[in-house]
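Engineer: Protein sequence lines correspond, in order, to chains A and B. Quick note on our numbering: the first sequence kicks off at 2 and runs consecutively. Quick note on our numbering: the second sequence kicks off at 282 and runs consecutively.
These aren't lab readings, by the way, just hints derived from the structure by calculation.
Here are a few chain B residues that sit away from chain A, every Cβ distance over 12 Å (derived from the structure):
1. K372
2. G710
3. D932
Under the rule of at most 20 Å between Cα atoms (straight-line distance), these lysine-lysine pairs were calculated in the PhoX-like manner:
4. B:K567 - A:K195
5. A:K54 - A:K368
6. B:K555 - B:K567
7. B:K343 - B:K375
8. B:K542 - B:K555
9. B:K356 - B:K372
10. A:K195 - B:K555
11. A:K313 - B:K812
12. A:K170 - A:K261
13. A:K194 - B:K555
14. B:K555 - B:K534
15. B:K828 - B:K356
16. B:K356 - B:K343
17. B:K567 - B:K534
18. B:K567 - A:K194
Each residue gets a CB set at the ideal place from its N, CA and C atoms; glycine is no exception.
In case you want the letters, here they are:
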Amino acid sequence: MKHWNRRRFLSGMGAALVAAPVLGLLERDIRAENATPARRLVVFFSPNGTIHKHWRPSGSGSNFSFPAGSILEPLAAHKSRIIVCDGLDFHGVDNHEAGMAAMLTGGGTLGTETAGKSLDQYIAHRIGQNDRFPSLELGVQTSAWGGGIQTRMSYAGPGQFVPPDDSPKSVYTRMFGDALGGPGELDAALARKKSILDLLRGELGTLRGKVGAHEREKLDEHLASLKKIESGLQGPLCAPPAAPPAVGTYSNDAFPTIGKSQMDLLVLALACDMTRVASVQWNHTVGPVVMSWLGVAEGHHGLSHSDDGNSKGVAEFVATERWYAEQFAYLLERLATTADPQGGMLLDSTVVLWCKELGDSRLHDCKSVPFVLAGGGGLSTGRYLNFGGAPHNRLLVSVCQALGLDNETFGDPQKGSGPLPELFA
Amino acid sequence: MLRTVLRSNSIRITGALALTAAFAGCLGGEDEKEGNGPGVVGCPDDLAFFQNNVYEPLLEKKCFVCHSATGMAGKSRLVLTPRSDPDALEKNLKVARALAVEQEGGLSVLLSRPSGQHPNGHPGGTLFEQGTPDYATLSLFVTRTTRGEGCAAPSAACTTVQPGPRVLRRLTRHEYDATISELFGIESQWGASFVPDIVIGGFDNNEDALRVSPLFADQVRRAAEEIATLALTNPSSILPCDPVAAGPEACAKTFVDTFGKRAFRRPLSAEDAKRYVTLYQTIADKEGFNEGIEAVITAMLQSPHFLYRTEIGDNSIASEGGRVRLTPHEIATELSYMLWGTMPDDELFAAADANALGTPEQIEAQAKRLLQDPRSDEILERFAIAWLELDRLDAAPKDSATYPEWNAEIRAAMIEETRQFVRHVIRNGEGTIAELLDAPYTFVSPKLATFYGLPAPAGAADENDFGMIELGDTGRAGILTHGSVLATHGKPAGSSPVHRGKLIRERLFCQPLPPPPPGVVAEPPPVDTTKSTRERYAAHTTVELCKSCHDLVDPIGFAFEHFDGIGRYRADENGLPIDASGEILSAPATTGSFVGVPELASVLADSADAQGCYARSWLRYAYGQLDEGRLACLSSQVADEFQKGNLRVLDLLVALTRTSHFTERVADPPEPGGPSNPSGTGGGGAGGDPTGSGGAGASGGGDPGPTLPYVVDTTVDSDWGSGYQLTIQVTNIGKESLTWSIPMQVEGTIANIWNASYTVANGTTHFVGAEHNATLAPGQATSFGFVANR
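Whenever a hint applies, use it, and build me the whole structure from the sequences.
Structural biologist: So, in structure tokens, the structure goes:
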């Protein structure tokens, strides 16, 4: 939460460094030679770990299947499009909160290659800066408890949360609201908005000179936010669809409706080239949503801790997890059937990652945290792989490389570096 | 280490006797050093330093709950002794020292364990993260203990109570709506729709967390545009002049000055006014007068001068000892937001304009005026709601099959009960924390009374008319038996001893609980209609690993077993008898057993832990700061006065306006990068940080400068005006080993340095490591520190 980790030193001037020069000797591109890097990233998060024996497919490699009644069975229609990743651990991390923080950051600090950013923010930083939205964070009831380590997964830097937007109505307005009106009207409005942004930047700069380092950080963050607003101030990129249905943002039973609206908006934002990095976060770790529409009376977090002796609890948890798998399948279906403005379908040029923050939910540990990958970028899909306890940092590196980036580490380099070549083999 | 002991003056007592020598309480003399334990060098004032800087603010607050004889870490080597033992402090210093001198991988165990650096981890998670002030304090304690260095740092920190840092406090969502209402005379729901803020220390108004994220900035922009458009539907309602009679430009200038002063909560400078008049002109020339005014409003509502309440002071106002005095308008703003949750009223503006907020008496008079005004009700009530996490009530999931009666109307009635109760206790009751906890009355409507199974209030006009009722022996007493509290902290289909016990621990004792240890099956007991909830939860306390932690929580939560998941009283649980007896374990200054909530409430009402925590919670809420770090001493003083005084809430709030923090701030710490260049930073856009910090958002704005193979984090551990202590952490982020040398501008003269040495050339101090840490492997980090006198 504290923002202490900032470099406050002379940047190199006069620094007497006795270090050998670093040479980039490694052959970076482990993707197949003819593979085109993916253009986009979609992150899909659902909370509270899993129960491995109900999650794991049977078989291995390209010869695998989803047992009847298992959590991933709803993905059967997309089997050829996905890689089920087993045996990836968050090294040195256990429990809800730490798992949530490490999931997409790999434990990065300011001094690491990815500077403490989460996967989505790092990639947005590298490829999304000229887009209308460098990244788009959509949430489904993530913030009823306010912001915090339990409720946030995206980080712009150590301790610096990037909050998701829980309201489809608000997302819709942000995507299309500035583009309403005729061309002349629109130009005048955009010009006015830009004059105001210029004035605000000047004020922030002046105020910045009057405050100490701690407060300057806040103003720098504010300035960076204005820059993102500015990139969003563009004319229409595509025609607005019908507005999403109005429901209570934190009304438990509206959970499925909100989730569908957010996924539809996400797909539209990609199809209209508004952004290249988008995430949908369902609830949050320790999330209490009650999937009443499945006939379940206990909260999801409570169910996730059902011991094997509690067969009713386990069955209900599996039902809720299958429901999330259905949502993931819906998202894949939409991406696979929506045209990419560059040609082909969106999914062909997108990497989609379904991530969780815990391994076995009953044990509060982060071993064999269940991941599912889908899409293009040279991923060799249609397989079930077990990585035997490899650090998930290497999965994060792999996703970056599938998007054409060259970073060899993600997060804490001590935990492991390089991609997982099997994903591309 | 051992050699240090042997070289000391007295090695007459040797061997086992030296290892076990008890503390004589006289730590200053050289002769006593062998009594400190093997490897301990120490400083003369260690006991005071330990008490004021380490034990009370850190170990007792964050470690005691587990590391006490009855806690889950009661079998570890850090077992702390409660205050009830007269020798507690000496005993605790001894165990802390033993861990301070024990090194593993070059780092003291006292540091590596709670910071997550120990190879075996820390089951309680990371409590003191590297780079934080708390970590630096522990580090200083280790340095003093093992090397006798750093003794210049003040040990009795609380003899000089310091104010906190200069801050910018972004308006919270509530404050935004209240301010918009005040400025435009319209109801505002815009703020309520903004992205929720980060909760720190239980409250969402911590200044450090109130940032302008990209999403927030966009939401504020849209709200500003909508509000400005709405305001211009009837220009005469907001304009102080007639643009036809006065002339459009003159009227626009007047508007900028008058509206700007209210929006920025201070008079506009000539430059401020010019900026907005220019904006008006640019837009008005193209689009017309109304559009020009609309643009001014839109911009002002996004301005940092509107969005941030500044508490940075003005260097031109006289101050002493490295402090900065806040301006009268900043003090007026502090008063109005702290006590009313909105912008200053005309009287506060007038007082600030007349510089009549300078003396403690003037401030106190205003504070009392604001507190007597019903406009302060909202803050008093909202504090209670945030304190007990009642803003989660609406989103608390409940199973409709188990609780078909649960609906939005009942939830609203429960919140209304809590609001009316809090208001009554503070305004018309004795006004104490004790009464909040154990009052024998509450407020209900006939509808809520029926829901609870309580008698309806006399003389109610209709089903929804609230009135006071006596609780007698209904099993209820005080705020903890409000439906709002019980339902928020209940499960979807039942009561919850764990959640309710946790509420008492965390919110009433300010004792955050550790997460369950990984590898333990942490299943809530499945529903079994043949067993009571208590019997099912008893499983927790038969498994040793679970027992140690759940003993902190469940025995308190069991007192609530007469209340179901939506706050209704139950004499039995589906025919099974209810045992509502419980006890409090491992609280620093509270013990006792009880049956049911009214008895628990009596224990809490008399609890020093609960009283102190309540005062500290108010401080967090009022100042938007944690009661730690620089404010640790001031917080202790406020809490002590509250406990020793009459325990009245209103007096606590007035006391919070009388502290040095309310009118003064410590000047900013020395800039290691040298003085900033204010003229060079104006309008630079993102990426203008002269130090090249790469962390502020994914802006990609500027050139980050040359990449260094190391990063440096500095922490000001302590600043006492005439001197200060810094800890600097160096991390090798390159791929080769690194022999480091760090250039830095040091303010004052270095008096004491550890883990590094330095040379000064051309005004720049160059630090190099000591023998053991001069060269760092890739990824390796080390830290050094120094004390400097100004």
